[in-house]
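Number of protein chains: 4
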Amino acid sequence: VSGDIYPKLPLSLSEYEELAGSVLDKPAYDYYRSGANDEITLAENLQAYKRIQLYPRILVDVEKRDLTTTVLGQEISMPIMIAPTAFHKMACPSGEIATAQAAEKNQTLMVLSSLSTTTPEEVAASTSGPLWFQLYIYKDRDLTKRVIHRVEELGYKALCITVDAPLLGRRERDVRNTFSLPKGLTIATVGDYLEKAMAENAKNSSLNVYFTNLLDQSVTWRDVEWIRSISELPIILKGVHRTDDAIRAVEHGFDGIVVSNHGGRQLDTVPATINLLPSISDAVNGRLEIFLDGGIRRGTDVIKALALGARAVLIGRPILWGLAVGGYEGASAVLRLIRDETDLAMALCGISNVSEATKDLIGYRTA
Amino acid sequence: VSGDIYPKLPLSLSEYEELAGSVLDKPAYDYYRSGANDEITLAENLQAYKRIQLYPRILVDVEKRDLTTTVLGQEISMPIMIAPTAFHKMACPSGEIATAQAAEKNQTLMVLSSLSTTTPEEVAASTSGPLWFQLYIYKDRDLTKRVIHRVEELGYKALCITVDAPLLGRRERDVRNTFSLPKGLTIATVGDYLEKAMAENAKNSSLNVYFTNLLDQSVTWRDVEWIRSISELPIILKGVHRTDDAIRAVEHGFDGIVVSNHGGRQLDTVPATINLLPSISDAVNGRLEIFLDGGIRRGTDVIKALALGARAVLIGRPILWGLAVGGYEGASAVLRLIRDETDLAMALCGISNVSEATKDLIGYRTA
Amino acid sequence: VSGDIYPKLPLSLSEYEELAGSVLDKPAYDYYRSGANDEITLAENLQAYKRIQLYPRILVDVEKRDLTTTVLGQEISMPIMIAPTAFHKMACPSGEIATAQAAEKNQTLMVLSSLSTTTPEEVAASTSGPLWFQLYIYKDRDLTKRVIHRVEELGYKALCITVDAPLLGRRERDVRNTFSLPKGLTIATVGDYLEKAMAENAKNSSLNVYFTNLLDQSVTWRDVEWIRSISELPIILKGVHRTDDAIRAVEHGFDGIVVSNHGGRQLDTVPATINLLPSISDAVNGRLEIFLDGGIRRGTDVIKALALGARAVLIGRPILWGLAVGGYEGASAVLRLIRDETDLAMALCGISNVSEATKDLIGYRTA
Amino acid sequence: VSGDIYPKLPLSLSEYEELAGSVLDKPAYDYYRSGANDEITLAENLQAYKRIQLYPRILVDVEKRDLTTTVLGQEISMPIMIAPTAFHKMACPSGEIATAQAAEKNQTLMVLSSLSTTTPEEVAASTSGPLWFQLYIYKDRDLTKRVIHRVEELGYKALCITVDAPLLGRRERDVRNTFSLPKGLTIATVGDYLEKAMAENAKNSSLNVYFTNLLDQSVTWRDVEWIRSISELPIILKGVHRTDDAIRAVEHGFDGIVVSNHGGRQLDTVPATINLLPSISDAVNGRLEIFLDGGIRRGTDVIKALALGARAVLIGRPILWGLAVGGYEGASAVLRLIRDETDLAMALCGISNVSEATKDLIGYRTA
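Protein chains in written order, with the working numbering: chain D, 610 to 976; chain F, 610 to 976; chain Z, 610 to 976; chain E, 610 to 976.
If you are wondering where the hints come from, they were derived from the structure by calculation, not from laboratory data.
Treat the hints loosely; a few may be bogus.
Same chains, same label: a pair holds when it works inside one copy or across any pair of copies.
Using 27 Å as the maximum straight-line C-alpha spacing, the simulated BS3-like pairs for lysine-lysine come out as follows [what the hints assert, rightly or not]:
# : residue 1 : residue 2
1 : LYS754    : LYS673
2 : LYS805    : LYS673
3 : LYS766    : LYS805
4 : LYS748    : LYS635
5 : LYS748    : LYS673
6 : LYS805    : LYS748
7 : LYS968    : LYS766
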């Protein structure tokens, strides 16, 4: 993003956050930015990248850089996708449609959240770009099945099942703000269902009802196997922290995992995802595709994740900051900025395509 | 503690401390919060938990979580007890009785301090919940014996002998404040005895007299053996730091130890208790029960202590902040808050009862 | 620099920076001081020296200290040279001529930047001291060749080829300032060539044109070999980070390398140069001369670099601060100050000539 | 020091420093407190103790603690001596005499500095306590010999030869303040000699003349052997940093060493002395007595130094703060405070005499 084109726009993803903070309502901004409890993991997700050092190669022809890659066979123009995040209409009126179109413009893939404020139908209709769907497994398995079959028919290309949220992490800013969805917004995918549930349980907000009444805390490996049995879509487990769980995902034949801690919003004091990646990557040894989210704010962060074993990364909050700052244009600019940074980082690392990002580029600051 | 029930109450134990600081007199607040000398251990007790990382399991059925455990055979509803702390009447008029009733309400156990401002008799009469008694060994062994037999008869279920305080640690805030017990409050257990001693030694406050005149600096393993010989109660040694001392406690046949540094109030620059726990737990190898206090402020801290070998933890200062903020209600709310946090942390760790908190959940941040 | 001679002058290189910040225009100061992106490497270059500890020898005769050394056979009075930096006329009117004369006065060597605001001819005419020339390889190889032959004929004694800048690192301060060369200043070495290119490409500043149009992103080891084939001058590769690249430089028969990260201005989050030095020095094992720049601010820093394998160090920004503060006098004072500090550090380390700076002087602070 | 006796006095050595800073002239305060260059070693000397952790023993009879020890056969009442520091009359009018009497009152030993503002004769006359003399080796060996023989005859019991100051470290605060000895004060030991030298060299202050003209930068092991040949006194080398130099001190038959970095005033970025101690102690293995100075501010620091191999420690600046705050009374109070802290630390560590301070008491905080 050069000064010529967006003279007033932020120069980095963290400047987008700053600007977003000045345009969003406090409860919305807090909802987006907050982490669980003391926000230790939230901070660590970012901090960890500052302790990882790059060892660039010299005298390599980097005139032409190729950032394209494939994720589960889908070609995308860069190893950066849009992570599923909730409630895009809180950031701008066109909400998830703006996001989907920003993804399409930048030739990458959006993972639509189950907590979108736009229906999967509307999002699918707004873009010809590839979409994945982030899924929660509901207590009501018929509802779960109906959602899956809807997104399947709409052409979503994979299911990304969140496995780190049997209960909602406690974000004290939201409790303090008594956060609830602004008037007029709904959790669109299950809107009708929720309205009925809320009517039965009048004093609770839709978000409380969603998590307390809909989500199933008893989900096990058997249940995700059941999902596979009822859907042709590739399945990715999002929220893997442990090597043993990554191996189980391989053994159960899943297609991918997202090394994720839900942006530091679930269990506080879990490690930064980037620090979990190397041992998970070693254990998986190429048997499924590994994605990563959490703390990616720079092109150099992308390179580090690739070098340590991620096939691609996902960015969540920065997209929301882009939406808040400038809707579709803002989200597009964020994607373009992180792509430009990644392109430059590749050149300066002495690599000309993403497969050349290997472990020898990486070191750790010890003090 | 939901926003509905206590709309104005703190959302975390550290917010309780903040609020307590605004309602307590400075000398009282300082007495409670201070640590020895430079307060390095005081800070480290808290800081250490931030460097310990959790590795949660996924896809585990956590719909029903069971927090109950037993301590020396006593069932309690959660692995969190009330540590012995002094002078609860400085925090609220009903003092230790409020505390005991908060413990009972939350179905856990209170360890009554020898420095209580309420007699063991009054505390025992106020609750049907289980009580332990924290004991100092006095120079006057008859006095010591009388205290033991009193609490034995009152139904206290164990003696918790403090072994890290042959002398009182130097807390400079108290020296600066020339701290003494507020008028009307006494060290109730030995009130008569002290009055006599103070009369003989007119210029000293009861606290100085207590420590200088009553406490015995020559106590050794032989003396704690003597305690055992005169009491049927199980005995726990509180203030163990070293592996060799833990092994000696096993060899001498004691029932439990508390890995404790007296909340950072005795010898400054001793390690955080949570960092002492793993090697002590390995050495003890189940031959006695290990408890831990010092720095527990979050449900995740409780899980970390359990995973590293504690059977249960004790919280001290947070109870005082609860008492200061709202007496019995405040102390109850503190206990409920830390229980709720522990319950949520269990769910998000993928464990459904306390025995599943094992070492593989734990890692250490290295930088 | 004693208080007697320069009563108002700074006492340390960092005080020079502070004073320079108050006399330079913000865009110029920012251009000089900034690093890429989050400026993590910029800070780390300095910070790393604070974690390296010296172990001085006692009872050594240090009455006479000898700071002289040779670099590629050239004797200089101290193991400290002037690093190539751009645009000295932004700091003071006499620009690179002031710098060259400060180098001569202090009997050391200046490496003239390709981005000088003074022609190589003018600089060569202004000094009888030794000069090296920092070279970029241009897309236009004829231009490259012409520049090489010009400096060869002018008596420059070595070519220092920058290998860490296929593209310009992104310094956000410059983007924010929309930095361009002040009116009247030009990139003197290729001034005519640039004017033509700028005429064709009217809306871009000379700096953008320089990097985008002139610099070749496809340069490989073959191209630096080509440079060697067309010049008799010794060749040094500047911008080496990796041990394998250092070994390749040896194998290709180059004369020296500069362990450099371009002052933290290219790829952010690369390690501090001083931390790269030990393993590179071990790998090279004396087969070429190793120089180092980045973060040298104290005489003790110089000793550390020598002890860890550098033959000499280069300082960049401090020279600019000297120029800004006092032109030729300021740059001279900076050189004299760092020399005096190095001399004193030698005495206090118990070494009397630079070859005695060996690895046993060095330790690392671990926490 | 209880609140009763000194109601207005500081409660810790660092509070003494604070108070001294408010009563001393800035140049004097700066002279005392400053370290070389960036004051990294100055800070590290203190910081290092905060990373060293104590592992106290429990259930040890500590009713009677014995702090006495011997240094080179001299009994002192505690393992804490007074380090040689310059210019005590800048802190209070009675200068080194106040210090000597404070030492005597606390039954410990003072090492008189060569840079005292009181003659060795006056100091010796003022006290019946034991004295050592800190010696610089002058270019003029006759002067050196005369000084040695004077202090020998005066009953000083050892020579403590400073070996880390062939030149004076650069303390920028002093340069900024153009520090010189206040009018009326002289470097008393060599007063006449200096006056003559200053007359010949009119524009320099006595301190500059002292270091430039008197001190010999060519001193080697041969010269300290010469000292031994001309004196019966035991000889201690002060300023040892390296294991090899400590071993050489053993091999040359010296009586003791002081692990010292001159309070961070000589070569900046040398390690904290306490971190040098363990390997030096291992190497020396009891063959000479090891003392330590630098950063001792707490009783726990004393215990750590003893446990890691020091026979006794020396404190420097805190004595000056005591002198500044209250002359003889202040210096006495400082000694009594650090003794009381050491006594309490012993009790809380579970040791009852200094020889029980062993390595198993020590651990290191890793992050």
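Report task. Measure nothing new, just compare the shortest in-copy and cross-copy C-alpha distances for LYS805 and LYS673 to 27 Å and report within, between, both or neither. Result -> For LYS805 and LYS673, only the inter-copy Cα distance (26 Å) is at most 27 Å; the intra-copy one is 56 Å.
Query raised in the report: Is it within a copy, between copies, both, or neither that the alpha carbon of LYS754 lies no farther than 27 Å from that of LYS673?
Result: For LYS754 and LYS673, only the inter-copy Cα distance (25 Å) is at most 27 Å; the intra-copy one is 46 Å.
Report task. Could you figure out if LYS748 and LYS673 sit no more than 27 Å apart (CA to CA) within one copy, between two copies, both or neither? Result -> between (51 Å within a copy, 14 Å between copies)
Requested in this report: Indicate which option fits the pair LYS766, LYS805 if close means a Cα-Cα distance not exceeding 27 Å: within, between, both or neither.
Outcome: neither (30 Å within a copy, 52 Å between copies)
Report task. Since the copies are identical, ignore which copy is meant and state whether LYS748 and LYS635 lie within 27 Å (CA to CA) inside a copy, between copies, both or neither. Result -> neither (33 Å within a copy, 52 Å between copies)
Requested in this report: Indicate which option fits the pair LYS968, LYS766 if close means a Cα-Cα distance not exceeding 27 Å: within, between, both or neither.
Outcome: Neither: 30 Å inside a copy, 39 Å across copies.
Requested in this report: Measure nothing new, just compare the shortest in-copy and cross-copy C-alpha distances for LYS805 and LYS748 to 27 Å and report within, between, both or neither.
Outcome: For LYS805 and LYS748, the Cα distance is within 27 Å only inside one copy (15 Å; across copies 68 Å).
When each numbered hint is compared with the structure, violations occur for hints 3, 4, 7.
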